[in-house]
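Chemist: Spelled out, the chains give:
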Amino acid sequence: NAGVTQTPKFQVLKTGQSMTLQCAQDMNHEYMSWYRQDPGMGLRLIHYSVGAGITDQGEVPNGYNVSRSTTEDFPLRLLSAAPSQTSVYFCASSYSSSGGRELFFGEGSRLTVL
Amino acid sequence: GNSVTQMEGPVTLSEEAFLTINCTYTATGYPSLFWYVQYPGEGLQLLLKATKADDKGSNKGFEATYRKETTSFHLEKGSVQVSDSAVYFCALMNYGGSQGNLIFGKGTKLSVKP
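Those sequence lines, one after another, are chains R and B.
In short: position in the first sequence from 1, add 5, done, that's the numbering used here.
In short: position in the second sequence from 1, add 88, done, that's the numbering used here.
The hints are simulated quantities; they were obtained by calculation from the structure and are not laboratory data.
A couple of the hints might just be wrong.
Said to hold, decoys possible - Below, computed lysine-lysine pairings styled on DSSO-like, alpha-carbon distance capped at 30 Å:
hint	chain 1	residue 1	chain 2	residue 2
1	B	K165	B	K144
2	B	K148	B	K165
3	B	K194	B	K165
4	B	K156	B	K140
5	B	K156	B	K144
6	B	K148	B	K201
7	R	K14	B	K197
8	R	K19	B	K194
9	B	K140	B	K201
10	B	K194	R	K14
11	B	K144	B	K197
12	B	K148	R	K14
A quick note: this is a predicted structure, and the numbers were derived from the prediction, not measured.
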């Protein structure tokens with residue numbers, strides 16, 4: 006059982022380049038989300054989805070796009086990377102969007118923008 | 089709005105010492121409260137949770153009690169081990185819809201020395 010799988014684990018970009026961080030889960034979870042982790046800031050929510058075809062913005066959505074065409078996949082797109090997007094990105098999923106539920110996290114993707 | 093404040097680290101303890109990591113929250117209604125742990129190089133994983141006032145969450149020797157009167161959810165362990173070295177995040181989740189997202193504190197790094 007793979008759980009939440011993120012690729013790539015490491016990536017270096019130049020300013021202005023685009024890329025997609027992939028996230029896939031094999032637990033048939035309805036809810037998926039993307040967080041970024043920065044030193045001294047904890048984890049901040051970028052975008053989330055409560056089901057296929059439904060996405061919404063979190064706390065820090067600017068510069069990122071998402072889509073949810075299938076239950077399993079929730080890619081995060083950076084259209085024009087900026088140094089401020091240097092961070093560790095985590096994808097997380099859960100079986101529903103109701104309160105009190107556990108989120109399952111991927112191992113993270115470390116992105117450096119030069 | 090909803091927010092979580094936890095004690096800043098790093099915290100360094102000797103093996104078998106008593107651990108307390110303070111966490112307080114601000115939220116509307118009655119959120120669920122969580123502690124997540126991040127071991128070096130890994131994603132976050134749920135350590136324990138409590139979904140209503142006076143509930144005690146416990147796991148692996150760690151405990152935390154949901155105190156509505158003091159809006160707190162402090163993490164404790166009676167005797168820490170070197171293997172407990174990690175970053176600990178306090179988090180809250182309100183119920184449903186756009187509020188059904190985890191909001192994290194900034195994290196507390198714990199180092200346990202032999």
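Chemist: If a hint holds in the structure, say so; if it doesn't, say that too.
Modeler: Hints and how they fare:
no.: 1; hint: B:K165 with B:K144; result: holds (13 Å)
no.: 2; hint: B:K148 with B:K165; result: holds (9 Å)
no.: 3; hint: B:K194 with B:K165; result: holds (20 Å)
no.: 4; hint: B:K156 with B:K140; result: holds (9 Å)
no.: 5; hint: B:K156 with B:K144; result: holds (12 Å)
no.: 6; hint: B:K148 with B:K201; result: holds (19 Å)
no.: 7; hint: R:K14 with B:K197; result: holds (22 Å)
no.: 8; hint: R:K19 with B:K194; result: holds (28 Å)
no.: 9; hint: B:K140 with B:K201; result: violated (35 Å)
no.: 10; hint: B:K194 with R:K14; result: holds (23 Å)
no.: 11; hint: B:K144 with B:K197; result: holds (23 Å)
no.: 12; hint: B:K148 with R:K14; result: holds (29 Å)
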